[in-house]
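A.B. asks: Can you build the whole structure from these sequences, using the hints too?
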Amino acid sequence: MPAQSGGAPRRPAVARRLPRPRLTGLGGGLFACTAMVLVGGVCWLLFSSSLFVYGLLFPPVAAATALWVRPADLITAPIGVPIAFAAGVWPISGGSGGFDGQLMGLVSALSLHAGWLYAGTLVAALIALVRKAVLIGRRRLPRRAA
Numbered sequence: 001m002p003a004q005s006g007g008a009p010r011r012p013a014v015a016r017r018l019p020r021p022r023l024t025g026l027g028g029g030l031f032a033c034t035a036m037v038l039v040g041g042v043c044w045l046l047f048s049s050s051l052f053v054y055g056l057l058f059p060p061v062a063a064a065t066a067l068w069v070r071p072a073d074l075i076t077a078p079i080g081v082p083i084a085f086a087a088g089v090w091p092i093s094g095g096s097g098g099f100d101g102q103l104m105g106l107v108s109a110l111s112l113h114a115g116w117l118y119a120g121t122l123v124a125a126l127i128a129l130v131r132k133a134v135l136i137g138r139r140r141l142p143r144r145a146a
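Each residue of the sequence shown is one higher than the one before, starting from 1 at the first, in the working numbering.
Be a bit skeptical, because a hint or two may be false.
Beta-carbon label-pair distances, calculated as ranges [unchecked claim]:
(1) Gly98 to Ile75: 34 to 40 Å
(2) Met104 to Arg138: 35 to 41 Å
(3) Ile79 to Leu135: 16 to 22 Å
(4) Pro21 to Val42: 18 to 24 Å
(5) Ser96 to Phe47: 32 to 38 Å
(6) Ala133 to Ala87: 41 to 47 Å
(7) Phe99 to Leu126: 34 to 40 Å
(8) Val42 to Gly101: 46 to 52 Å
(9) Ile136 to Pro21: 18 to 24 Å
(10) Thr34 to Ser96: 39 to 45 Å
FYI, nobody ran anything at the bench for these hints, they're computed from the structure.
Yeah, the Cβ is synthetic: ideal placement off N, Cα and C, and Gly gets one too.
C.D. replies: Have a look at this one:
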């Protein structure tokens, strides 16, 4: 890639238009929790508390979290997204009665839709792993040239 005047590599035009937030580990977890609570609210309002739609929207949130977290905090992405899944599924889990009923609804929703939970966590883990491998490769590249 041609270098800019500052020596940094130039990014392609499509990549320049994409947002490049760099969230801390805590910020990534808060982003994922907030996004999944909003997704849960949308599912509750528009889709009659459909856990399928909720699960379908979880992997993109997990991917965005893993893409937007800082390189130093990459390990937090696969840890924070399952917590966000549980935080967002609670309002639409379908529990009734008191605290015990709500807790049983949450446990049932988590166990019945564990496939979505695993899929989103796997997406976040794979993205974090690839990003870390690229960072390590970039660090070793100047040593090879010398």
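A.B. asks: Which numbered hints does this structure break?
C.D. replies: 2, 5, 6, 8 and 10
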